[in-house]
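Trainee: In the order they appear, the protein sequences are chains C and F.
In my numbering, each residue's number is its place in the first sequence (first place is 1) plus 13.
In my numbering, each residue's number is its place in the second sequence (first place is 1) plus 13.
Incorrect hints may have been included.
Intra- or inter-copy, both count: the list cannot distinguish identical chains.
As the list claims (entries may be wrong) - Below, computed lysine to any residue pairings styled on SDA-like, alpha-carbon distance capped at 20 Å:
#, residue 1, residue 2
1, LYS208, HIS93
2, LYS273, THR291
3, LYS70, ARG155
4, LYS70, ARG290
5, LYS171, ALA211
6, LYS113, THR304
7, LYS273, GLY315
8, LYS171, SER74
9, LYS171, LEU219
10, LYS266, GLY37
11, LYS281, GLY295
12, LYS171, LYS208
13, LYS171, GLU215
14, LYS273, LEU241
15, LYS187, ALA172
16, LYS171, THR101
Honestly, the hints are just simulated from the structure, not real lab data.
Just so it is clear, the structure is predicted and the values come from calculations on it, not from any experiment.
Protein chains: 2
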Amino acid sequence: MNAEAALSPKGLPIALDAAGGDFGAPPNVEGAVLAARAGVSVLLVGNPVALHAELGKYPGSGALPLEVVHADDVIGMDEHASDVRSRTGASINVCTRMVKEGRAAAAVSMGHSGATMASALLTFGRIKGVDRPAILTHMPARGGMTTLLDAGANADVKATYMAQWARLATVYLKVLEDQENPTVGLLSIGEEDHKGSALVIETHALLRELHGQGINFHGNVEGRDIFLGTTDIVVTDGFTGNVVLKLAEGEAKVMFGWIKEALNSSVKSKLGGLLVRTSLRGLAERMDPSTYGASILIGVKGLAFIGHGSANATAVKNALLRAARAHEGKLLPRLEAAFGETK
Amino acid sequence: MNAEAALSPKGLPIALDAAGGDFGAPPNVEGAVLAARAGVSVLLVGNPVALHAELGKYPGSGALPLEVVHADDVIGMDEHASDVRSRTGASINVCTRMVKEGRAAAAVSMGHSGATMASALLTFGRIKGVDRPAILTHMPARGGMTTLLDAGANADVKATYMAQWARLATVYLKVLEDQENPTVGLLSIGEEDHKGSALVIETHALLRELHGQGINFHGNVEGRDIFLGTTDIVVTDGFTGNVVLKLAEGEAKVMFGWIKEALNSSVKSKLGGLLVRTSLRGLAERMDPSTYGASILIGVKGLAFIGHGSANATAVKNALLRAARAHEGKLLPRLEAAFGETK
Chain C
14 MNAEAALSPK
24 GLPIALDAAG
34 GDFGAPPNVE
44 GAVLAARAGV
54 SVLLVGNPVA
64 LHAELGKYPG
74 SGALPLEVVH
84 ADDVIGMDEH
94 ASDVRSRTGA
104 SINVCTRMVK
114 EGRAAAAVSM
124 GHSGATMASA
134 LLTFGRIKGV
144 DRPAILTHMP
154 ARGGMTTLLD
164 AGANADVKAT
174 YMAQWARLAT
184 VYLKVLEDQE
194 NPTVGLLSIG
204 EEDHKGSALV
214 IETHALLREL
224 HGQGINFHGN
234 VEGRDIFLGT
244 TDIVVTDGFT
254 GNVVLKLAEG
264 EAKVMFGWIK
274 EALNSSVKSK
284 LGGLLVRTSL
294 RGLAERMDPS
304 TYGASILIGV
314 KGLAFIGHGS
324 ANATAVKNAL
334 LRAARAHEGK
344 LLPRLEAAFG
354 ETK
Chain F
14 MNAEAALSPK
24 GLPIALDAAG
34 GDFGAPPNVE
44 GAVLAARAGV
54 SVLLVGNPVA
64 LHAELGKYPG
74 SGALPLEVVH
84 ADDVIGMDEH
94 ASDVRSRTGA
104 SINVCTRMVK
114 EGRAAAAVSM
124 GHSGATMASA
134 LLTFGRIKGV
144 DRPAILTHMP
154 ARGGMTTLLD
164 AGANADVKAT
174 YMAQWARLAT
184 VYLKVLEDQE
194 NPTVGLLSIG
204 EEDHKGSALV
214 IETHALLREL
224 HGQGINFHGN
234 VEGRDIFLGT
244 TDIVVTDGFT
254 GNVVLKLAEG
264 EAKVMFGWIK
274 EALNSSVKSK
284 LGGLLVRTSL
294 RGLAERMDPS
304 TYGASILIGV
314 KGLAFIGHGS
324 ANATAVKNAL
334 LRAARAHEGK
344 LLPRLEAAFG
354 ETK
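Okay, chain C solo, but in the shape it has when bound (with noise of 0.2 Å):
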């Protein structure tokens, strides 16, 4: 952590990839809006001309801690997130240089998520004693929510990274939901600790190892779990966790499909269905991602969220307020100082 940012925590502004996203300025500007409302200061970094224009809509916008930072390039949803080595003026490279230099608190994108990444991994670094950084997400559970990682970051891992992982999600659970001790659950194919693939037997071992040092180990969880929330914490490889969270958004999309398909179904229904509607939309959104506002990637040296390429106004909020909440709770020195790094 630089001076600046050690004096001022609150007042140091969230850089916000304004560009980025399926839906470009508008969403990220009404989100920055949103959130420079609730007391966070936002940099809307993109195209100025642009972003004034989006700006505009919003009168008074001009009194709030909002700022407009130049950036021409903007790394498109279909392409390659290798670009961001070479393009260095990019909107998510302008953010993160923020942050490394200490002028922004933390960079947040609704963009290109491998952009980001490549982006964060390299301005940053990686924490001392982390081998590789993980896309830490939040899914919707019974009794609240289930902290699951790695959402889609590492493909092929290593038994040490995944322990590594569930101290990250430890530390980040105590600093952004006050979760004293939150449960750690490995998944697996069946709750015996003999069960799953050889990896995960593996990790079992280190994670059992860890308990009571820096996690709260709970066991194996399977599938299931996730929304029974059977821990505050699931810990999984990339490739498992990426499929995991793609198909619960697609199961909930086309049970949601299905349950209006039945509402129209009959004349009674369809009255039931008015009746019902305002009861149901609560259910939509405590299944919406956005709820939950953007993932972070975890074990890189600076704050870095990536939300949904289709995030809403709303979406971008959260993410910003989550990320100046990260900042104000010193994340980064507290997951550095339980890795045993001291400055």
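With the hints as your guide, set chain F onto chain C.
Mentor: Structure of chain F alone, referenced to chain C:
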């Protein structure tokens, strides 16, 4: 195939592990009665006293093609799968042995799935050319269902296994669902050919080679595609497949719970709930695994169907009908032919 089976395929009964499952004999016997009424002969394998007592509850069942076969022992749900080696008199072993000896067309069990797999593998052996049998299962999807394998038989796999599973599943859908050229998707974390784990990338190359020669390879699919029904078949390792299956069940269960809550959240929605109840029940059925009856252990030299421990009578009936259809459609000889084994 033995002579008896070849001569009277329709007449050969299905051996049901009538003691297996969370609820013992009652749903098994009821399911057998329902299947017998639909024209399928069933051997009820288990304790004769208990089974005859249960059969006594169904007037007229004496006239149905049902027969009780003696087996004193049953592998409990919490016992070890490896027990099938020593406990030769266990009901599941009696079932698979009758298939092996040509006295039954297929073995069906709602009991200990690991024990059923082990018993089938030990008793039947593998189809020549198949390295590892897999569990083939069906999941609800937009527009019908998605066939997934491996759903949990092999936690650690090789690319060659998955390529074989794609071929096995293709023949299965041709025989059981009359699908002439079912599409095969490889589960990955990105649609592009180069995306995924090292294992998936290697498998992709093998499936690409097989395209047009026994399989119709669509390319990579993601978690969401399982429910979207993008391909008829989704191939994955048994670790990921098992997580997928249990996650999908867990999500459906939790979502239905939330729907119930939502419909009880106000007087207005309670009233609406009464009106939509019938329509939503149709949705619950669509999500219910019992609609599809049972999974098959595919790749062994005999027919073995494995159901859910919590299976109800409908699930048992559907599993028995499916087993009979597999036998009548000569699934096993067709699988053997596809793998070049001539007899």
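Trainee: If a hint holds in the structure, say so; if it doesn't, say that too.
Mentor: Structure-based check of all given hints:
1. LYS208 <-> HIS93: between (38 Å within a copy, 12 Å between copies)
2. LYS273 <-> THR291: Intra 13 Å, inter 14 Å, cutoff 20 Å: intra and inter.
3. LYS70 <-> ARG155: neither (39 Å within a copy, 40 Å between copies)
4. LYS70 <-> ARG290: neither (31 Å within a copy, 45 Å between copies)
5. LYS171 <-> ALA211: both (11 Å within a copy, 13 Å between copies)
6. LYS113 <-> THR304: neither (28 Å within a copy, 55 Å between copies)
7. LYS273 <-> GLY315: Cα proximity of LYS273 and GLY315: none, with 43 Å in one copy and 43 Å across.
8. LYS171 <-> SER74: Result: close neither inside a copy nor across copies, 48 Å intra and 57 Å inter.
9. LYS171 <-> LEU219: within (11 Å within a copy, 25 Å between copies)
10. LYS266 <-> GLY37: Close neither inside one copy (23 Å) nor across copies (36 Å); limit 20 Å.
11. LYS281 <-> GLY295: between (22 Å within a copy, 15 Å between copies)
12. LYS171 <-> LYS208: both (17 Å within a copy, 19 Å between copies)
13. LYS171 <-> GLU215: both (9 Å within a copy, 19 Å between copies)
14. LYS273 <-> LEU241: Between copies, since 16 Å is at most 20 Å while 24 Å is not.
15. LYS187 <-> ALA172: Answer is neither: 23 Å inside a copy and 41 Å across each miss the 20 Å cutoff.
16. LYS171 <-> THR101: neither (32 Å within a copy, 40 Å between copies)
Checked against the numbered hints given earlier, the structure breaks hints 3, 4, 6, 7, 8, 10, 15 and 16 and satisfies all the rest.
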